[in-house]
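Visitor: Chains as they are written, first to last, in the numbering used here: chain D, 1 to 435; chain H, 1001 to 1247.
Among the hints, a few may not be true.
Claimed, not checked - Result set (SDA-like, lysine to any residue): computed pairs, CA atoms no more than 20 Å apart in a straight line:
| no. | chain 1 | residue 1 | chain 2 | residue 2 |
| --- | --- | --- | --- | --- |
| 1 | H | K1065 | D | V352 |
| 2 | D | K110 | H | I1076 |
| 3 | D | K372 | D | P281 |
| 4 | D | K110 | H | A1070 |
| 5 | D | K110 | H | E1095 |
| 6 | D | K110 | H | Y1082 |
| 7 | H | K1136 | H | Y1165 |
| 8 | D | K110 | H | F1079 |
| 9 | H | K1065 | D | N115 |
| 10 | H | K1012 | H | V1062 |
| 11 | D | K142 | H | D1078 |
| 12 | D | K228 | H | E1181 |
| 13 | D | K110 | D | E224 |
| 14 | H | K1067 | D | Y116 |
| 15 | D | K192 | H | E1181 |
| 16 | D | K383 | D | V352 |
| 17 | D | K158 | H | Y1171 |
| 18 | D | K158 | H | S1177 |
| 19 | H | K1012 | H | A1070 |
| 20 | D | K228 | H | F1180 |
| 21 | D | K110 | H | E1181 |
| 22 | D | K110 | H | M1179 |
| 23 | D | K228 | H | S1177 |
| 24 | D | K110 | H | E1101 |
| 25 | D | K110 | H | Q1074 |
| 26 | H | K1056 | H | D1102 |
| 27 | D | K110 | H | K1136 |
What the hints assert, rightly or not - Here's a subset of chain D near chain H, in silico, CB distances under 8 Å, partners left out:
| no. | residue |
| --- | --- |
| 28 | N101 |
| 29 | K102 |
| 30 | A103 |
| 31 | L104 |
| 32 | K110 |
| 33 | Q111 |
| 34 | Q118 |
| 35 | N126 |
| 36 | P154 |
| 37 | G155 |
| 38 | K192 |
| 39 | K313 |
If you are wondering where the hints come from, they were derived from the structure by calculation, not from laboratory data. Predicted, not measured: the structure shown is a model, and the values here were computed from it. For glycine and all other residues, C-beta sits at the position ideal for the given N, C-alpha and C.
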Amino acid sequence: MQSKIPTTKMARGGVVGKAMLKIGVASSKGVVKRAFMSKDKRAESQKETHAEIAKVIIESLGTLKGISVKIAQQVALGLPFLPKEYLDEISKSFNSIPPINKALIRKIIKQELGNYPQNIFDNFENNAFGAASLGQVHIATKDDRKLAIKVQYPGIAKSIDSDLGVLKFALTRFAKGGNIDHLMGEVEARLKEEVDYEIEADNTEHFYKNLKHDLIVIPKVDRELSTKTVLTSSFLEGDGFEEFLAKNPTQKEKNHYAQLIFDSFFMGLYHMQMIHADPNPGNFIFMVDKKLGLIDFGCVKRLDDEFLTSFSKLHVSLMDVLPDEEITQQYADLRMIDRDTPLKMLEFYQEVIKPLDRIYIEIFEGDTYDFKEHNDFSERGFKTIMEVQKKSITAVHNMNEDYIFVDRTLLGYYAMFEKMEATIDTTFAKRLVRY
Amino acid sequence: MKVTQSAKEKTKAKILASAVDLIIEKGFKNASMREMAKNAGVSNPTIYNYFPTKEKILYAYVEQKHKETALILQEIEDFNTYTLREQLQTLIETELELYLEDREFVLQISDMVFHSAGLKLESLYSNNEIFTDMVKDMLEIAIEAEEIPRPPLEEHLPRLFWDYYIMVVAYWVKDDSEMFENTTQFIDHSLGVIEALLQSSIMNKAHDLGMFLFKTHLLSSLEKFSVKKAGLSKLKRKLFEGIENAK
Chain D
1 MQSKIPTTKM
11 ARGGVVGKAM
21 LKIGVASSKG
31 VVKRAFMSKD
41 KRAESQKETH
51 AEIAKVIIES
61 LGTLKGISVK
71 IAQQVALGLP
81 FLPKEYLDEI
91 SKSFNSIPPI
101 NKALIRKIIK
111 QELGNYPQNI
121 FDNFENNAFG
131 AASLGQVHIA
141 TKDDRKLAIK
151 VQYPGIAKSI
161 DSDLGVLKFA
171 LTRFAKGGNI
181 DHLMGEVEAR
191 LKEEVDYEIE
201 ADNTEHFYKN
211 LKHDLIVIPK
221 VDRELSTKTV
231 LTSSFLEGDG
241 FEEFLAKNPT
251 QKEKNHYAQL
261 IFDSFFMGLY
271 HMQMIHADPN
281 PGNFIFMVDK
291 KLGLIDFGCV
301 KRLDDEFLTS
311 FSKLHVSLMD
321 VLPDEEITQQ
331 YADLRMIDRD
341 TPLKMLEFYQ
351 EVIKPLDRIY
361 IEIFEGDTYD
371 FKEHNDFSER
381 GFKTIMEVQK
391 KSITAVHNMN
401 EDYIFVDRTL
411 LGYYAMFEKM
421 EATIDTTFAK
431 RLVRY
Chain H
1001 MKVTQSAKEK
1011 TKAKILASAV
1021 DLIIEKGFKN
1031 ASMREMAKNA
1041 GVSNPTIYNY
1051 FPTKEKILYA
1061 YVEQKHKETA
1071 LILQEIEDFN
1081 TYTLREQLQT
1091 LIETELELYL
1101 EDREFVLQIS
1111 DMVFHSAGLK
1121 LESLYSNNEI
1131 FTDMVKDMLE
1141 IAIEAEEIPR
1151 PPLEEHLPRL
1161 FWDYYIMVVA
1171 YWVKDDSEMF
1181 ENTTQFIDHS
1191 LGVIEALLQS
1201 SIMNKAHDLG
1211 MFLFKTHLLS
1221 SLEKFSVKKA
1231 GLSKLKRKLF
1241 EGIENAK
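Between the sequences and the hints, there should be enough to build the whole structure, so can you do that?
Guide: Right, dumping it as structure tokens:
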């Protein structure tokens, strides 16, 4: 017996088809309008078109209910340098996962933890505190401890496959050359990990034990009250990203938090060989006493020595501006360029990768980087990507997923820093990169 | 007197439990009353005092679960802050949760109801007052609190909801998904529809349309006959009375 909202792939394909249709309309509207506009207005209109497209994609994925929203986030973040409007829309999509009402939350808690909420906790807030990846968070108290309980909507894990299939179909339109398969495989692996809260509990504990920094706070997991679909941990009191910005923080405060985010990323990468690979602003809590809370370890990425060595070597080479031939070779070693004749490989590097990594490495050129001054960082990145896509060059078949994940996480952070108009000091990170 | 009453209840519960076990083990047809009595440690005549027929055991089981559900719902402190949909959903989820330990038994009842003439669905209604009364209460409170407009045929809704519940059970016994998560979603989504129906005026509008068609067209054609046969006007009057009463 099957049930539910668009069940068959065809039905879901139908919804996506509708979305593609809408995208077509949104783009062409932009084109027509732009043709008659002055130069300044053109940029504005392009922004509107991007925002519109982003909205359509997310909206239609939202109606698919299942896990699509999450996939959209993953994929969008996986394609580096998406315009800011996309990211805005994506962060909003956190709210479109179906709500778990009082009856359902009661049922899930009883089923997973063996008793009704009222019998387990001293107090349990039936109304969700906030949306979380693939579910929602409830606040409870038990023995004077304030707890955050993340609860997953039933049946999510099962919908991954069909949703991914549909999305792959939809995305081949965006990705020229079909080099999306490897990335999709990686995204699928991340998602399957992310729906299993036991893995997230392991990851959280790992960070709790190993990420040593006086100002970084990581929640403590309560194993007794956690299962595959319920995750209980200590509640971190503080402001979310938007709240923090709304309170008009001083430049110093903004720099402080951006620096913590930036440094903790490199600490994870080099000290733990593990990164928090979901750069959603919602995963940071701006706490009192200059502390920064890190939450939601559903999406982490482990990296091996071999990767770290080549990653560091490449970054050092880029910072030191070594000859293109040398850098091309390193990209090939990292499996970011397909093996071919040296000339063809060099050509590919110069045509496709170099324009992007120049922007990317810009951050590390001086001791500090001011995102207020360079507030067009992600826009430039997106434009470059668009230009690169126009050059119909042979596709990369063998992308290094680790590299993509590390990069897209950093880019996600940069988008945040840009919004914060923060200045970051890159000396600590560079020291780690250079060992 | 009170002691006897509670002793009676105890015996009844004991027989019921051993009957459920035996039916799970041997199937409804092959489980004999004699063996049930023996397993429960009561005499043959005693079991017939409590349950004159084997079918009555099934009805008693369903009723027993309603009672337990009612008790569990009473324990929810903030139940009055639940929306109508959440209350109905909790009712259904709690019943199913209680059914879980006797799932194979429920499977048998369900098969008998849907696949053989062995059990009449109609007979189950008489033992569902506890269930329908709970639904009736929830509806009345929701109407009074103006959460939903007063629906047409209000007094029939609890029974309709029972029919819906039977459908949910039928879905659940065939559900092979992990933790019955398909059933959970089925309930969640279908109650979303029911909630939307109850909150909208669609039911009232549809009722108005039906009434209009009935009064204008069906009754006027009856009128034609009534010219010839005076007896029909009596029928017509009766129908009107029926409609007025139903309102």
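Visitor: Determine for every hint whether it applies to the structure shown.
Guide: Hints and how they fare:
Restraint check for K1065 of chain H and V352 of chain D: the C-alpha separation of about 68 Å exceeds 20 Å, so the hint is violated. For the hint pairing K110 of chain D with I1076 of chain H, the CA-to-CA distance comes to about 13 Å; that is within 20 Å, so the pair holds. Simply put, K372 of chain D and P281 of chain D have alpha-carbon atoms about 18 Å apart, close enough for the 20 Å limit, and the pair holds. Between K110 of chain D and A1070 of chain H the CA atoms are separated by roughly 17 Å; this keeps the pair inside 20 Å, and the hint holds.
In summary, the hint linking K110 of chain D to E1095 of chain H is supported, as the alpha carbons are separated by about 13 Å, within the 20 Å threshold. At roughly 17 Å between alpha-carbon atoms, K110 of chain D and Y1082 of chain H fall within 20 Å of each other, so this suggested pair holds. With a CA separation close to 14 Å, the supplied pair K1136 of chain H and Y1165 of chain H stays within the 20 Å bound. With a C-alpha separation of about 16 Å, the suggested pairing of K110 of chain D with F1079 of chain H holds against the 20 Å cut-off.
Between K1065 of chain H and N115 of chain D, the direct Cα distance comes to roughly 18 Å. Compliance with the 20 Å bound is thereby established for this hinted pair. Restraint check: the Cα-Cα separation between K1012 of chain H and V1062 of chain H comes to about 14 Å, which is no more than 20 Å; the hinted pair holds. Taken as a hint, the K142 of chain D and D1078 of chain H pair is honoured in the structure, with Cα atoms around 18 Å apart against an allowance of 20 Å. In summary, the hint linking K228 of chain D to E1181 of chain H is supported, as the alpha carbons are separated by about 14 Å, within the 20 Å threshold.
Restraint check: the Cα-Cα separation between K110 of chain D and E224 of chain D comes to about 14 Å, which is no more than 20 Å; the hinted pair holds. Between the alpha carbons of K1067 of chain H and Y116 of chain D the distance comes to roughly 18 Å, so the proposed pair stays at or under 20 Å and holds. As the CA atoms of K192 of chain D and E1181 of chain H are separated by approximately 17 Å, the hinted pair is consistent with the 20 Å bound. Between K383 of chain D and V352 of chain D the alpha-carbon distance is near 13 Å, which keeps this suggested pair within the 20 Å criterion.
Under the criterion of a C-alpha separation no larger than 20 Å, the hint pairing K158 of chain D with Y1171 of chain H is consistent with the structure, at around 18 Å. Between K158 of chain D and S1177 of chain H, the direct Cα distance comes to roughly 10 Å. Compliance with the 20 Å bound is thereby established for this hinted pair. At roughly 19 Å between alpha-carbon atoms, K1012 of chain H and A1070 of chain H fall within 20 Å of each other, so this suggested pair holds. Distance check on the hinted pair: K228 of chain D and F1180 of chain H sit about 15 Å apart at the alpha-carbon level, within 20 Å; holds.
The hinted pair formed by K110 of chain D and E1181 of chain H meets the criterion: a straight-line CA distance of about 14 Å does not exceed 20 Å. Proposed proximity of K110 of chain D and M1179 of chain H is supported: the alpha carbons are some 12 Å apart, at most 20 Å. Annotation: proposed proximity of K228 of chain D to S1177 of chain H holds, straight-line Cα distance about 16 Å (limit 20 Å). Proposed proximity of K110 of chain D and E1101 of chain H is supported: the alpha carbons are some 15 Å apart, at most 20 Å.
In summary, the hint linking K110 of chain D to Q1074 of chain H is supported, as the alpha carbons are separated by about 16 Å, within the 20 Å threshold. In summary, the hint linking K1056 of chain H to D1102 of chain H is supported, as the alpha carbons are separated by about 17 Å, within the 20 Å threshold. For the proposed pair K110 of chain D and K1136 of chain H, the alpha carbon gap of about 26 Å is over 20 Å, so the pair is violated. The beta carbon of N101 of chain D is positioned within 8 Å of a beta carbon in chain H (closest approach about 5 Å), and the interface hint is therefore held.
The closest approach between the C-beta of K102 of chain D and any C-beta of chain H is roughly 4 Å, which is under the 8 Å cut-off, so the hint is satisfied. At about 3 Å, the closest approach between the beta carbon of A103 of chain D and any beta carbon in chain H falls short of 8 Å, and the interface hint on this residue holds. Interface hint at L104 of chain D: satisfied, since its Cβ lies 6 Å from the closest Cβ of chain H, which is below the 8 Å cut-off. For K110 of chain D, the interface hint holds, the least distance from its beta-carbon to any beta-carbon of chain H being 7 Å, beneath 8 Å.
The beta carbon of Q111 of chain D is positioned within 8 Å of a beta carbon in chain H (closest approach about 6 Å), and the interface hint is therefore held. Hint on Q118 of chain D holds. Least Cβ distance to chain H is approximately 7 Å, under the 8 Å limit. Because the smallest distance between the Cβ of N126 of chain D and any Cβ of chain H comes to about 7 Å, under 8 Å, the interface hint for this residue holds. Because the beta carbon of P154 of chain D sits about 4 Å from the nearest beta carbon in chain H, less than 8 Å, this interface hint is met.
For G155 of chain D, the suggested interface contact is upheld, since its CB lies about 4 Å from the closest CB of chain H, less than 8 Å. A cut of 8 Å between beta carbons decides the hint on K192 of chain D: the least distance to chain H is about 15 Å, and the hint is violated. Proximity of K313 of chain D to chain H is violated relative to the hint, the smallest CB-CB distance being about 46 Å (cut-off 8 Å).
The earlier numbered hints that this structure contradicts are 1, 27, 38, 39.
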